[in-house]
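Chemist: As a plain string of letters, each chain reads:
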Amino acid sequence: MSEPLTAAIWIEVTSKAGALTMRQRITGDTFSVGRGYQNDLIVDDPAVSPAHIRFSRDETGAWWIDDLASDNGTVDMSNDTRVSRLQLTENAALRIGHTLLTVRSSAFVVPATTRMTGGGVQTATATATPSRVVYYAFTAMLLVGATSALSIWLKQTGESKLAIYVFGVIMLPMIALGWALAWALVTRIVAARGQFFRHLLIVGVALLAMSLIGALVKYADYTFALVNASTVESAVTWLAIGALLAAHLRVVVPNRVRLALVVVGVLIVAAISMDYVLKEERQRLQPPQIVTSLLPSFLPTKPPVSTTRLFEAINALKPDLEEERKKDPPQQQGFGGDVD
Amino acid sequence: MRRLPVRFIPVLVLASLLVAPTSSFAVEKAPATPVIVSATAEAIYRDAKPRLLQIRTLLNSASQKSSTGSGFLISADGLAITNYHVVSQHALEPQTYRMEYVSADGSKGALKLLAFDTLNDLALVQLDKGGWTYFEFDQRALADRLPRGERLFSLGNPLDIGFAVMEGNYSGLVERSYNDRIHLSGPMNPGMSGGPTLTTDSKIAGINVAKSGWGAEQVSFLVPTRFATALMNKPRLAEPITGKAVRTEIGKQLGVWQSALYDKLDTIGFKPAASGPFLLPESNAVFFTCWANTNADEKPAPRARADSTLCNMQNSLFIAGDLFTGNVSIKRSHFTNLSLNGFQFAYFVSNHSAMGNERTNAKRMTPTACHEDIALAGEGAEQAAYPRLRVAWCASAYREFDGLFNVSFVAVAPERDGQAAAITVFMNGTSYENAARFARRILAEFKVKS
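These protein sequence lines are chains A and B, in that order. Going by numbering that gives the first Met the number 0, 67 is the number at position 68 of the first sequence; the sequence numbering is gapless. Going by numbering that gives the first Met the number 0, 320 is the number at position 321 of the second sequence; the sequence numbering is gapless.
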């Protein structure tokens, strides 16, 4: 715990979406905050009462807040409890309505100044871009491009054409850029900053993870027969998409992570159910592709089965087909056009 | 012609005989081959005309014809023979289609389907009245003893424009056909299906069934008459056969037929065909026609060679306009790596052996179920003679016919000394057990060269 505050203080007002909207210095001995115009600081939050909270010094000079019997109360964010009176400490965070009030003393240490290029002619922005994120995002994009090039090369059975590689290498990073840009726009609307490079880093990492896991699953299936490749791959894909969305939402609404996770969870569950419901339809339109997964002979394979075992497994398919026969054929006018 | 997609020839052949009512296209496109009608032909035509029929399939709701074929009388009380494919729409969908006949004098009447033989594409129908003159079967033709080159006359109602006679020559039974068909060197046109082909003394020598597509000229096919007499003499119910009973009967006929076919394939056996370091089984059966194919002449020069041989049964049984069955085809492939790395060559081989992505006819077939694994044939020390194979099996069941399946089976031997091999088998209209037995046999014969 910090020492009680006695000196002059600053209040930072952060909106529901997590954007810093205002800083106010308190110089006197009392200071009131609320939605009404009699206050020293007006907060435009419908959940804040007209007279909500008062800051005041006691005889020792320590700062206190009093909740002025507000409708939605004042919450001490350090332990998430409602308070009516509280002594303030350095960096104390209070929630009134949807608004966050953070208390700073004049001793608050700000980050070091960002070095400007070009002789300091440009004006320094208050929110300097964290250069490490830019660097990581750029590296992720390079790796995504390189992975695409590698996968194209491993499947290159005809003449190598530069155009195929250029297209393949640029394609995925371009999609990632577009995706990150869309998220940055959303973030800019909701919060103060777009955080473009953070979004780009997130999608880059997700793409790399997906291709890496995809390759691992394929190899695990081929060599160890540990996993059922298609099932694991679809599960992993959904998980990765879920994680991707959650990470983006965490940037957009940092104060609502739990809500974001619930939204993502619901979306993923809905998508998986839809996937399950449409399975038959998809199977009809696009039957399974078989023997697409040969790997070079120098890689070990899982132990082969005997022909007896093989045909036991093959015969086990028959009852399912007999069962399927008894069902009515699917409707001819499904989406995706006619069948024959 | 480098590679005929043989599998589809019979499809086109039969389809070309199911008359499309809009026949002007065929007329315009038909090569102007002059057909010299001799004095004999004139006499035959005059003599045969009252015994000929046009057989129409009408759409119940519109009372308009949806297809036409021909037929001929074989008894005074109105029994007639035609092709199964001429009556199949009515046979399978009696609620939607009905049949009628039109005789040479223009009189019309209703027809009933009494019996059929899908394997030989024949149907026995009963006219609604008696008092007809009729044809007799040629005894030499019944015993397959017609001399090659004998003049024959095909009759029928081509393109729904009136009864006609066309002259041709007997050219023996079609070689390499599992089901017997007569090869007639002569013209045949859509709408003549089910009509008779006569000898000079107006006896039946065969029943019109198909002609060859793919730019071939004057190559036509007849069903031997012995199948027609067998159909006539087969015990049958007094009631006409329609709807569900038709499906049961088709299933039964196909079931018996495929059993005999796979027994025969098993008995005839295989001989080893060298494929680099591998030995692939090649069927000894004469009823397969094989076509070789290579990518060697592609430009730019391929970085891996794929040489394949597709062996196909010259046989496809017509069940419905969108359902042919009974075909077995075997594709042997040999891959040689020229300048690819291991991953690229594996991808090349996978790409050339991939299967299961063919769309199935959802109305007729269930969705496809597949199983894929790595298998090694033989027991103990014998295993050294076999390659490890990537094996896949895909099957779908016929919705309408109990116990019949379409199965595709592929076994791929991965790279060994820069070479790989694969064998793919397509089995249509087979029992599950017969397909498995055939596939097992293939695995037992797929070896490493010692």
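Treat the hints with care, as some may be off.
[To be verified] Incomplete in silico selection of chain A near chain B, CB under 7 Å:
#1 Arg103
#2 Phe107
#3 Ile169
[Claimed, not checked] Below are the SDA-like pairs computed for lysine to any residue, each with C-alpha atoms no more than 20 Å apart in a straight line:
#4 Lys326(A) - Lys362(B)
#5 Lys317(A) - Arg302(B)
#6 Lys243(B) - Pro328(A)
#7 Lys301(A) - Lys298(B)
#8 Lys154(A) - Arg302(B)
#9 Lys111(B) - Asp76(B)
Derived by calculation from the structure, the hints in this document are not laboratory data. Predicted, not measured: the structure shown is a model, and the values here were computed from it. All C-beta atoms in this analysis are idealised placements derived from N, C-alpha and C, irrespective of residue type, glycine included.
Chemist: So, for every hint listed, does it hold in this structure?
Modeler: We went through each hint and held it up to the structure:
1. With 7 Å as the threshold, the beta carbon of Arg103(A) stays out of range of chain B, its nearest partner Cβ sitting at about 59 Å, so the hint is violated.
2. At its closest, the beta carbon of Phe107(A) sits 57 Å from a beta carbon of chain B; the interface hint therefore is violated under the 7 Å criterion.
3. With its C-beta approaching chain B no nearer than about 22 Å, Ile169(A) sits outside the 7 Å limit, and its interface hint is violated.
4. Among the hinted pairs, Lys326(A) with Lys362(B) is consistent with the structure: their alpha-carbon atoms are about 11 Å apart, no more than 20 Å.
5. A C-alpha spacing of about 40 Å is found between Lys317(A) and Arg302(B), which places the hinted pair above 20 Å, so the restraint is violated.
6. Restraint check for Lys243(B) and Pro328(A): satisfied, since their Cα atoms lie roughly 17 Å apart, inside the 20 Å limit.
7. For the hint pairing Lys301(A) with Lys298(B), the CA-to-CA distance comes to about 38 Å; that exceeds 20 Å, so the pair is violated.
8. For the given pair, Lys154(A) sits about 12 Å from Arg302(B) by alpha-carbon distance, which is consistent with the 20 Å threshold.
9. The suggested pairing of Lys111(B) with Asp76(B) holds, with an alpha-carbon distance near 13 Å, which does not exceed 20 Å.
Comparing the model with each numbered hint stated earlier shows that hints 1, 2, 3, 5 and 7 do not hold.
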